[in-house]
Every structure is written in C-alpha cells, then in structure tokens.
Amino acid sequence: MPIVLNNNFTEDTHGIRAERLNAIQGNFASIQPELSAPANVATWAVDCYDVYSQLLAVSGVETGESEGATLDAVTKGDLMEEEYQNARILGNSLYADNPTKLKDFNFESAFPDNRNDKIARVDQVLNAHARHVADGVTPTIPASAITRLTDAKLAYVAALNVQDKERADARQAVADLKERFESDTKMLQTLRAWWYAMMGKYDERIDLIGMVNPKPGGGGGTVGIPQNFAYSLENTDFTWDAVANATSYQIEKSLDQVNWVEVYAGTEPIFDYTPSDAGFSYYRCRARN
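Note that our numbering has the sequence shown beginning at 2, numbered continuously upward.
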C-alpha cells in the first residue's frame, strides 16, 4: 500500500492519489462537523475515490485493449505481406516471358511501410490480376493465391479499424483521467488550506484526509523552496505546496525582476489574489522560518 509522505499533490503517482482519496472518502463525514469545509468540497469528498478509481480502471482497460488491437493489426499486416510476397514469387515466375503484363503488378518495387500504401499495393495486385483474367491472359497467378491475398487484406483492414477505435477510446480515457487528476488536485489544495485554517498545521488527524503536517520548526535553520507555485485564473488564487519547517510564506511581485514588492505574507499556502494592474508581472514565493 502506498504511503503518503508529503502534500506535493501535482507529483502524486496514481497509487498515492488513490490512497489520499480513499482516506478522504472514508473519513470525511466523521471530521466534517468540526472542519465545516465548503459545500463543494463536501460534495466532492462523498465519492472522490470511487470516481477516480473508476477512471483509472477504465484507462487501464482501454490502454490494454488498444495495445492488444495494435499487436493484432501488426500481426495481420505481416500475414498480408507474406501472402503478397507469395503472389509476387508466383507472378515473377509465371510472367517471366511477359514483362509488359508483369509490370502491371509493380512487383519490382519494395513493399511499403505505410498502412495505406500497403493496402494500395495489394489492391494493385488484385486489380491487375482481375484485368488479366478478364482479358484472357494466360497463365495467371493461381486463384487460391489471390483468394488468400484478398482474405489477408480484408483481415488487415478490419484489424486497422478496430485499432483506430481502440486508440480513440484509450486516448479519451487517458484524457478523462488526466482531467480528473487535475481537478482533484485543486480540490486537495483547497481542502488542505481549509484544514490548516480550521484545524491548524499540527493536528495529527490530518491523516484522515490523506495528507501530512509540515514538521514543527522555527527559530532559525533553512527551509526548502515552495514547490508547484502557480496562479489559477479560474480560482484567482496562488497556491503552492507546504514546506517543512516553514512558519510563514511571502509572495513578491516585480515588473522588471529587479524591484520587488511584497503582496502577501502569511502562514497559509494559498493566497486569493486579483492583479490590479494590466500587463505582465513576475511573482516569486518564499518560505520563511
């Protein structure tokens, strides 16, 4: 079972993320009377693990099916090329004395790598054979070889259609999981900030929501650099990961990266902020002890 060691939500593996959400879904109702988290957080917590684990499972299944369909398409493509090469050997032998008709098959060219070009090359052979039969050309490639080549092409085309569908399904499943991971990250950041505000930074029950407290610190020493410092246009806030041993944080703003002005000093790793001026500005975040 994965062990939660930090609150670096954006760096969660799927296992760590599932562990966090499982803790939240299982314990949130018992702590909510004291926590009084916002309604949107409470609603999310009811089934956050179920939703994420379902999307994770679907993503795994769809990815596996896509890989299986790709392998099948490769196998069917190899079989089609094998039948093509058999027809090529027969054609070169049977049409040795009729180079004009032999040229209709384009056997002298290498078999292509592109899927559409492969199908087009096989169709060229099948169409040339059909014309020769209609024109009464003799001898011709045996019907059994042509039938095998036709069947191999149809099987390859069918496998490609399945591959395309499974790839599309897999891409959508992965995209759905990624979108949920990102939205859950925002909810985790909100929940963490609310927990610190209501329960403090050193309440040991924080493991009930799949998180950890920063280690007690203060009075000197070094602290790390805040990670995942980012601004959300949607939520109009800065967020960052809590830093062990930090007692407060500072955000500064600059227009030229030379002169800096403080816009935030506080203990919480979240800051509601709407820029008051137009144009581009630089921001930096520091942890302090």
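Errors might be hidden in some of the hints.
Calculated cross-link-like contacts (lysine-lysine; reagent style DSSO-like; alpha-carbon spacing at most 27 Å) [to be verified]:
1) Lys179 / Lys166
2) Lys187 / Lys166
3) Lys119 / Lys166
4) Lys202 / Lys187
5) Lys119 / Lys104
6) Lys187 / Lys104
What the hints contain is simulated information worked out from the structure, not anything from laboratory work.
Status of each hint after checking the structure:
1. The suggested pairing of lysine 179 with lysine 166 holds, with an alpha-carbon distance near 20 Å, which does not exceed 27 Å.
2. Among the hinted pairs, lysine 187 with lysine 166 is inconsistent with the structure: their alpha-carbon atoms are about 32 Å apart, more than 27 Å.
3. Only pairs whose Cα atoms come within 27 Å are accepted, and lysine 119 paired with lysine 166 is accepted, the gap being roughly 20 Å.
4. Note on lysine 202 and lysine 187: the hinted pairing holds, with a Cα-Cα distance of about 19 Å set against a maximum of 27 Å.
5. Pair hint lysine 119 plus lysine 104 holds up; C-alpha atoms about 18 Å apart against a cutoff of 27 Å.
6. For the hint pairing lysine 187 with lysine 104, the CA-to-CA distance comes to about 65 Å; that exceeds 27 Å, so the pair is violated.
This entry does not satisfy hints 2, 6, going by the numbered hints stated previously.
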